[in-house]
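2 protein chains.
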Amino acid sequence: MHALIVGAAGMVGRKLTDRIVRGAPLQGKAVDHLSLVDVVAPETPEGYSGTTDCLQADLSEAGTAEKLIAARPDVIFHLAAIVSGEAEKDFEKGYRINLDGSRALFEAIRHANLADGYRPRVVFASSIAVVGAPLPYPIPDEFHATPLTSYGTQKAICELLLSDYSRHGFFDGIGIRLPTICIRPGKPNAAASGFFSNILREPLVGQEAVLPVPETIRHWHTSPRSAVGFMLHAADIDLDEVGPRRNLSMPGVSATVGEQIEALRRVAGQKAVALIRREPDAMITKMCESWAAGFDATRARQLGFTSEDSFDAIIQAHIEDELEGAA
Amino acid sequence: MHALIVGAAGMVGRKLTDRIVRGAPLQGKAVDHLSLVDVVAPETPEGYSGTTDCLQADLSEAGTAEKLIAARPDVIFHLAAIVSGEAEKDFEKGYRINLDGSRALFEAIRHANLADGYRPRVVFASSIAVVGAPLPYPIPDEFHATPLTSYGTQKAICELLLSDYSRHGFFDGIGIRLPTICIRPGKPNAAASGFFSNILREPLVGQEAVLPVPETIRHWHTSPRSAVGFMLHAADIDLDEVGPRRNLSMPGVSATVGEQIEALRRVAGQKAVALIRREPDAMITKMCESWAAGFDATRARQLGFTSEDSFDAIIQAHIEDELEGAA
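For the record, the sequence lines run as chains A and B.
Residue numbers for the first sequence follow my numbering, beginning at 1 and rising by one.
Residue numbers for the second sequence follow my numbering, beginning at 1 and rising by one.
Wrong hints could be hidden among the right ones.
Computed cross-link-like contacts, SDA-like style, restricted to lysine to any residue with a CA-CA straight-line distance of at most 25 Å [stated by the list, open to error]:
{"no.": "1", "chain 1": "A", "residue 1": "LYS15", "chain 2": "A", "residue 2": "GLY186"}
{"no.": "2", "chain 1": "B", "residue 1": "LYS93", "chain 2": "A", "residue 2": "ARG167"}
{"no.": "3", "chain 1": "B", "residue 1": "LYS93", "chain 2": "A", "residue 2": "ASP100"}
{"no.": "4", "chain 1": "B", "residue 1": "LYS89", "chain 2": "A", "residue 2": "ASP240"}
{"no.": "5", "chain 1": "A", "residue 1": "LYS286", "chain 2": "B", "residue 2": "GLU241"}
{"no.": "6", "chain 1": "A", "residue 1": "LYS93", "chain 2": "B", "residue 2": "GLU61"}
{"no.": "7", "chain 1": "B", "residue 1": "LYS286", "chain 2": "A", "residue 2": "VAL242"}
{"no.": "8", "chain 1": "B", "residue 1": "LYS93", "chain 2": "A", "residue 2": "GLU61"}
{"no.": "9", "chain 1": "B", "residue 1": "LYS89", "chain 2": "A", "residue 2": "LEU114"}
{"no.": "10", "chain 1": "B", "residue 1": "LYS93", "chain 2": "A", "residue 2": "HIS168"}
{"no.": "11", "chain 1": "B", "residue 1": "LYS286", "chain 2": "B", "residue 2": "ILE82"}
{"no.": "12", "chain 1": "A", "residue 1": "LYS93", "chain 2": "B", "residue 2": "HIS111"}
{"no.": "13", "chain 1": "B", "residue 1": "LYS93", "chain 2": "A", "residue 2": "ARG96"}
{"no.": "14", "chain 1": "A", "residue 1": "LYS89", "chain 2": "B", "residue 2": "HIS168"}
{"no.": "15", "chain 1": "B", "residue 1": "LYS93", "chain 2": "A", "residue 2": "ARG119"}
{"no.": "16", "chain 1": "B", "residue 1": "LYS89", "chain 2": "A", "residue 2": "ARG110"}
{"no.": "17", "chain 1": "B", "residue 1": "LYS286", "chain 2": "A", "residue 2": "GLU142"}
{"no.": "18", "chain 1": "A", "residue 1": "LYS286", "chain 2": "A", "residue 2": "GLU86"}
{"no.": "19", "chain 1": "A", "residue 1": "LYS89", "chain 2": "B", "residue 2": "ARG119"}
{"no.": "20", "chain 1": "B", "residue 1": "LYS89", "chain 2": "A", "residue 2": "GLY169"}
{"no.": "21", "chain 1": "A", "residue 1": "LYS89", "chain 2": "B", "residue 2": "ALA108"}
{"no.": "22", "chain 1": "A", "residue 1": "LYS89", "chain 2": "B", "residue 2": "ARG167"}
{"no.": "23", "chain 1": "A", "residue 1": "LYS93", "chain 2": "B", "residue 2": "THR64"}
{"no.": "24", "chain 1": "B", "residue 1": "LYS93", "chain 2": "A", "residue 2": "GLY63"}
{"no.": "25", "chain 1": "A", "residue 1": "LYS286", "chain 2": "B", "residue 2": "HIS168"}
{"no.": "26", "chain 1": "B", "residue 1": "LYS93", "chain 2": "A", "residue 2": "ARG103"}
{"no.": "27", "chain 1": "B", "residue 1": "LYS286", "chain 2": "A", "residue 2": "GLU241"}
{"no.": "28", "chain 1": "A", "residue 1": "LYS286", "chain 2": "B", "residue 2": "ARG167"}
{"no.": "29", "chain 1": "B", "residue 1": "LYS93", "chain 2": "A", "residue 2": "ASP116"}
{"no.": "30", "chain 1": "B", "residue 1": "LYS67", "chain 2": "A", "residue 2": "PHE91"}
{"no.": "31", "chain 1": "A", "residue 1": "LYS93", "chain 2": "B", "residue 2": "GLY63"}
{"no.": "32", "chain 1": "A", "residue 1": "LYS93", "chain 2": "B", "residue 2": "ARG167"}
{"no.": "33", "chain 1": "B", "residue 1": "LYS89", "chain 2": "A", "residue 2": "ASP116"}
{"no.": "34", "chain 1": "A", "residue 1": "LYS89", "chain 2": "B", "residue 2": "GLY169"}
Everything labelled a hint here was simulated from the structure, so no lab data went into it.
The following block holds chain A by itself, in its conformation from the complex (with noise of 0.2 Å):
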C-alpha cells in the first residue's frame, strides 16, 4: 500500500503522516511506501519501517502533478491549499494553488487513467467555508454552497471537479468538509479563528489568552485527531454507499464560546478560565457571527465518521495528544 500526502507539512497532513507511521492501515492493508510533498519540505518521519520518499515541490506548478502520481500510490491525501485570509487578499495566488493546483492533480491522474487504467482513491480536503451567510443552525446536509470568501470558493469548485472525476471513473474521490479544528497545537497564530483554540490551549500550560469575541458565538469544531480519523475512514470507506454525492459536512461539536470556557472549567478548574482576558473586537465578531454555527452531519455519521460528542471530550483529547496525559 503506497500513500501519498499532498500537503504534508501542515497540522493534519503532519499528524495524518504520524497515524499512518505509527502503523494505521489503510483499506485493511499496511502502508509500506509513504510519499511526502508540501511547498516547504515535509520531514522525514522517524521510526517508520517502509519507504519515504520527501519531496518539496508546488502542485500548481508544470509537470509536479506528474511527479506525483509516477510511482502510482495506491491513496493519495490531497490537503494541500493556501488559508482563507491569504486567498482573499492574493486573489491570483489563491485560484493558482487552490484551484488550479488541485485541478493540475486531478488532470494527471485522468491522463494516467486514460493510459493505464490507474484509479486511485482521492481523499480531498475541503472546508465548512463552502457555505456562506445567512445560514440555518444546524445546516442541513442538502444546503447549498454559497461561499463568502475565495477559498471557500476554490474549495466548493474543487468539490464539484471531484466529483465529475469521480463519475467518470477517473478516479475514486471523496470531499470531507473539516469543521474549524480546535485545539489547534502550536503557537497563537493570526487567523481569526485562532481564539477559538487559544483561550483553551494556553490557560491549559499556564498561558494567558484573548477572548475577542462574545461568549453567545456558536461555532463548528472538531479535534486533529477526529480530523485525521475522517482521512483515514474516507480512504477505506466504500464508495458505493456514499454514491454520487460525493462531498460530506463532517460530524463535529457545535459549542458556543461560553460553552467552550465551562468545559475548559470542568476539565481544568477556574484557574484555567481565569487566564482568558476578553478584548472585544468588532471586526472579528462580524466576521464569526456570519460562520457556520453547525451542521446536521446525518450523512456522515450514517457512513461511519465519527468525532467528539462534547467540548471536554476535544479538550481531553489534546491532552492525550499534545500535553502527555496531564494538564
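Given chain A's structure and the hints, the job is docking chain B onto it.
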C-alpha cells in the same frame, strides 16, 4: 449603451439580439452598439439603427476574451456553451469551452478592472443541470448543486466564479438558471429533451412527433420569450437587492407530459394531439426521471423575474412568436 452577446448565434442569443434590435432598452438606455460573437459567425441583424460588430471567435482561445472587451461593453450576456450531450462525450472540449472559456472572460474583465476600473454587468446563462437526482419537488432555492453531468458541473463552477468575481468588485455578475426551453423553434433535434418541444411544435403545423416517455414525466419549462425576458431583466436589476447570492433559479411551468398534451388539445384540438406517436424509449425515460420536476424560484419571483403561468400560455407564446399568430 453597448451590449456584447457571447453565444449570439444560439437560439436564445438570436432571440435576445432580435429583442434588442427591435428597441428593448438596457438599464433604461437605448442600445446604440451591439457586439455579436459566436463560434459560428452571427448574422448581422437587419433594420438596426445602431452600430453592429459581428465576430466569429472562440472564447477559450488565448486573446479572444481581451479582444471582446476591448471596447468596454456596458452589459455582457454570456450565453456561450457546448451542450450537455457533447460536454459529456468530449470531456476536454466541455471543460475548455464551458469552464475555461468563461474563466478567460472573467479574467479579462478582472484585468481591465484593475487597469482602468472597468466594471460591466455580466449576465451568465446557467442551467437547471446544476442540480442532480435525487431531487425534491419543488426544489427550494437553497438546495445544493450536485450535478450529474459534466455540463452541469461546468455551469455550477462558473456560478461560483461569477459570485466570487462579483464579490471582489471585478464585475457585476448575475447567473440565470434557465429551465428547459419549450417550445424550441426549428427542427426536431437529437437532444434527449427534444421531445418536450417536438410533441407540441410539430403537431401545431400538422406534422407527426414521437413521444418516447410516459405521460407521467414531470419537468420544468419556460418559453423562449420568457428566457429572453430573464436576460433583459437580469441586465437591469439592482444587484444590491440581489445580494451576494448571485445565481438564481428562474420561474417556469412545472408540467407532466400529460398536462402538456392536454394544453395542446385545448389550444389546437384533438387533430393536433392525434399526431403524437408513442414510441417508448427506456433510456430517455430513465434520464428524464432524474431531471428537475420544478423549482420554487421564490427569490427570482420576488426579484421580478416572470414566466408563463400555464402550458397553454407557453403554446400561445410559440404561436404568436413563430407562427404569426395562427396554429
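Going through the hints against the structure:
no.: 1; hint: A:LYS15 <-> A:GLY186; verdict: 13 Å, holds
no.: 2; hint: B:LYS93 <-> A:ARG167; verdict: 17 Å, holds
no.: 3; hint: B:LYS93 <-> A:ASP100; verdict: 18 Å, holds
no.: 4; hint: B:LYS89 <-> A:ASP240; verdict: 23 Å, holds
no.: 5; hint: A:LYS286 <-> B:GLU241; verdict: 21 Å, holds
no.: 6; hint: A:LYS93 <-> B:GLU61; verdict: 23 Å, holds
no.: 7; hint: B:LYS286 <-> A:VAL242; verdict: 21 Å, holds
no.: 8; hint: B:LYS93 <-> A:GLU61; verdict: 23 Å, holds
no.: 9; hint: B:LYS89 <-> A:LEU114; verdict: 14 Å, holds
no.: 10; hint: B:LYS93 <-> A:HIS168; verdict: 15 Å, holds
no.: 11; hint: B:LYS286 <-> B:ILE82; verdict: 23 Å, holds
no.: 12; hint: A:LYS93 <-> B:HIS111; verdict: 15 Å, holds
no.: 13; hint: B:LYS93 <-> A:ARG96; verdict: 21 Å, holds
no.: 14; hint: A:LYS89 <-> B:HIS168; verdict: 10 Å, holds
no.: 15; hint: B:LYS93 <-> A:ARG119; verdict: 22 Å, holds
no.: 16; hint: B:LYS89 <-> A:ARG110; verdict: 15 Å, holds
no.: 17; hint: B:LYS286 <-> A:GLU142; verdict: 23 Å, holds
no.: 18; hint: A:LYS286 <-> A:GLU86; verdict: 19 Å, holds
no.: 19; hint: A:LYS89 <-> B:ARG119; verdict: 20 Å, holds
no.: 20; hint: B:LYS89 <-> A:GLY169; verdict: 14 Å, holds
no.: 21; hint: A:LYS89 <-> B:ALA108; verdict: 19 Å, holds
no.: 22; hint: A:LYS89 <-> B:ARG167; verdict: 13 Å, holds
no.: 23; hint: A:LYS93 <-> B:THR64; verdict: 23 Å, holds
no.: 24; hint: B:LYS93 <-> A:GLY63; verdict: 22 Å, holds
no.: 25; hint: A:LYS286 <-> B:HIS168; verdict: 19 Å, holds
no.: 26; hint: B:LYS93 <-> A:ARG103; verdict: 15 Å, holds
no.: 27; hint: B:LYS286 <-> A:GLU241; verdict: 21 Å, holds
no.: 28; hint: A:LYS286 <-> B:ARG167; verdict: 17 Å, holds
no.: 29; hint: B:LYS93 <-> A:ASP116; verdict: 22 Å, holds
no.: 30; hint: B:LYS67 <-> A:PHE91; verdict: 23 Å, holds
no.: 31; hint: A:LYS93 <-> B:GLY63; verdict: 22 Å, holds
no.: 32; hint: A:LYS93 <-> B:ARG167; verdict: 17 Å, holds
no.: 33; hint: B:LYS89 <-> A:ASP116; verdict: 20 Å, holds
no.: 34; hint: A:LYS89 <-> B:GLY169; verdict: 14 Å, holds
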